[in-house]
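Trainee: Read off the chains here:
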Amino acid sequence: MILLLYLFLMGIFAGLIGSVIGIGGGIIVVPFLALALKIPIHLAIGTSIICVLATSLAASIRFFKKNIINPGLAMVLEIPTTIGSIAGSITVAFLKNNVLFIIFGCFTLASGIFTYVKNRWPLKFGAGMEPTASKSSIFDSEYYDQLSGKPVRYHVRKIAYGSALSTLAGFFSGLLGVGGGVIKVPAMNAIMDVPLKVATATSSYMIGITAVVSSVIYFFNGFINPVITVPAVAGVLIGAVSGSFAAGKIRTKYLVIIILAVFILIGILMFMRGFNILNY
Amino acid sequence: MQNQRNKNDSVNGCTLHENVRLSRYMYLIILCGLIAAIVLLLAGFLANITSGSGLEVLNEFEKNTIGPEKLSVLISGEAGSMPGLLQYAGIFCMILVPVAGIICSIIFFALSKKYKLMVVSILVLVILAVSAVIGFMKQ
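Order-wise, the sequence lines are chains A and B. Residues 1 to 280 (the working numbering) are what the first sequence spells out, left to right. Residues 1001 to 1139 (the working numbering) are what the second sequence spells out, left to right.
Think of the hints as simulated: they come from the structure by calculation, not from any bench. For glycine and all other residues, C-beta sits at the position ideal for the given N, C-alpha and C. Treat the hints with care, since some could be wrong.
Unchecked claim - Computed beta-carbon distance windows for the label pairs:
no., chain 1, residue 1, chain 2, residue 2, range
1, A, 158, B, 1123, 13 to 21 Å
2, A, 277, B, 1112, 54 to 62 Å
3, B, 1082, A, 145, 46 to 54 Å
4, A, 275, B, 1025, 49 to 57 Å
5, B, 1050, A, 275, 40 to 48 Å
6, A, 242, B, 1096, 20 to 28 Å
7, A, 238, B, 1110, 33 to 41 Å
8, B, 1129, A, 117, 35 to 43 Å
Stated by the list, open to error - Calculated cross-link-like contacts (lysine-lysine; reagent style DSSO-like; alpha-carbon spacing at most 30 Å):
no., chain 1, residue 1, chain 2, residue 2
9, A, 197, B, 1113
10, B, 1114, A, 96
11, A, 197, B, 1116
12, A, 65, B, 1114
13, B, 1116, A, 38
14, A, 150, A, 197
15, A, 96, A, 150
16, A, 38, B, 1114
17, A, 197, A, 65
18, A, 158, B, 1113
19, A, 96, B, 1113
20, B, 1114, A, 150
21, A, 158, B, 1114
22, A, 66, B, 1113
23, A, 38, B, 1113
24, A, 65, B, 1116
25, B, 1116, A, 66
26, A, 158, A, 38
27, A, 150, A, 38
28, A, 158, A, 65
29, A, 158, A, 96
30, A, 197, A, 96
31, B, 1116, A, 96
32, A, 66, A, 158
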């Protein structure tokens, strides 16, 4: 019973942090299950991918209500992402636990630094990037910006570059049970000229579709157990909904410093576990 | 205000009017699917807790994972362990929600005569089907 409570509380924490600073919960769920609860890492990744799916669905409801997701763009980027995800999900079965711990450690450190930079200097990296004029495509769209009170049109460019990075995001999603938004959002915003709001919303929706691919493969490989998954998913959903309400009230400046410290700690612990320095 | 936009005042992709309509359908599909999944998951979880079973499966997770052969049991309802099957049905329902969203997109793009986007959406659906086949094969 205590274990279920831990899983539930961990889910709330992951969902809360994820929605406040815009990362997937997977990066917190996997280390917690694997390091703290000593659950096999393959099973931890399977649980995480269902949590990521739940978070994505909850976020998509909010973003679809605000009408800022670009479904056409999501679909075209999903083709390389899902192919990458299939490759990642298959690869995971051939990797030893130690290697997975080391790869996850690298990914956590990179994500921590990226999240810190993105939130610490939003004007230099992210929100300040304005769309530029370019040739129109079938993925061009428009959304209603509540701040300016006007519809905003945007042109999508460099689909090929975005697709290449989406493949990478899909691969990590399938391999590590994370969302991959850390790669997709900057790819869409900085390379494809998609406004940051649309990039974040579209990425959230895409994460759910990518998670379906990995979930099905994990599901039939025995890496998803409902006893662990259900309390974690319930916690993640509650945390994500609470986080969306709290997002505007929390001082992100200090929060990202704490998150960076937590991610560095998680990364180091995963490395130590990977190199057998941390044994149990 | 959004609905007042002229339908013909279009960009090359979806207009704001079309985006609003598609977003409304997607919102309803995902909301209903997620609620259904949560209800199934919680029902299974509570049944599992009240029956007193469950936590020992942590050490034997591979034995307790559903396989293709159990899917027919899940659909027919001839369940040996109802709590477990309810939870798996909840997880499966959650997995199917984005698939329902893609099918909705395909129908919408077809009706809006956005055939290129429709083909792209069909391709995504095909890749999802391939992943399911790979999952079955590996199992």
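Trainee: Keeping to a limit of 30 Å between CA atoms, is the pair of residue 1116 of chain B and residue 38 of chain A held or broken?
Mentor: Measuring from Cα to Cα gives roughly 48 Å; hence the hint is violated.
Trainee: Taking 35 to 43 Å as the hint, is the beta-carbon distance of residue 1129 of chain B and residue 117 of chain A inside that range?
Mentor: holds (39 Å)
Trainee: With 46 to 54 Å as the target window, see if residue 1082 of chain B and residue 145 of chain A comply at their CB atoms.
Mentor: Since the Cβ atoms of residue 1082 of chain B and residue 145 of chain A sit about 49 Å apart, the hinted range of 46 to 54 Å holds.
Trainee: Take the C-beta atom of residue 275 of chain A and the C-beta atom of residue 1025 of chain B, compute their distance, and say whether it sits inside 49 to 57 Å.
Mentor: holds (50 Å)
Trainee: Taking the beta carbons of residue 277 of chain A and residue 1112 of chain B, is their distance inside 54 to 62 Å?
Mentor: Since the Cβ atoms of residue 277 of chain A and residue 1112 of chain B sit about 57 Å apart, the hinted range of 54 to 62 Å holds.
Trainee: Does residue 158 of chain A pair with residue 38 of chain A here, judged by a C-alpha cut-off of 30 Å?
Mentor: This hinted pair is violated, its Cα atoms lying about 43 Å apart.
Trainee: Per the hint of 20 to 28 Å, is the separation of the Cβ atoms of residue 242 of chain A and residue 1096 of chain B within bounds?
Mentor: With Cβ atoms ~26 Å apart, the hint holds.
Trainee: Run the distance test for residue 65 of chain A versus residue 1114 of chain B: straight-line Cα separation, threshold 30 Å.
Mentor: Holds - the C-alpha atoms of residue 1114 of chain B and residue 65 of chain A are around 22 Å apart, at most 30 Å.
Trainee: Taking 30 Å as the top limit, are the C-alpha atoms of residue 158 of chain A and residue 65 of chain A close enough?
Mentor: holds (28 Å)
Trainee: Given the hint that residue 96 of chain A pairs with residue 150 of chain A, does the C-alpha gap stay at or below 30 Å?
Mentor: violated (52 Å)
Trainee: Compare the distance between the alpha carbons of residue 197 of chain A and residue 1116 of chain B with 30 Å, and conclude whether the hinted pair is satisfied.
Mentor: Holds, because 25 Å separates the two Cα atoms, which is no more than 30 Å.
Trainee: Between residue 65 of chain A and residue 1116 of chain B, does the CA-CA distance stay at or below 30 Å?
Mentor: Judged against 30 Å, a Cα distance of about 25 Å means the pair holds.
In the structure shown, a violation is registered for the earlier hints numbered 10, 13, 15, 16, 19, 23, 26, 27, 29, 30, 31, in ascending order.
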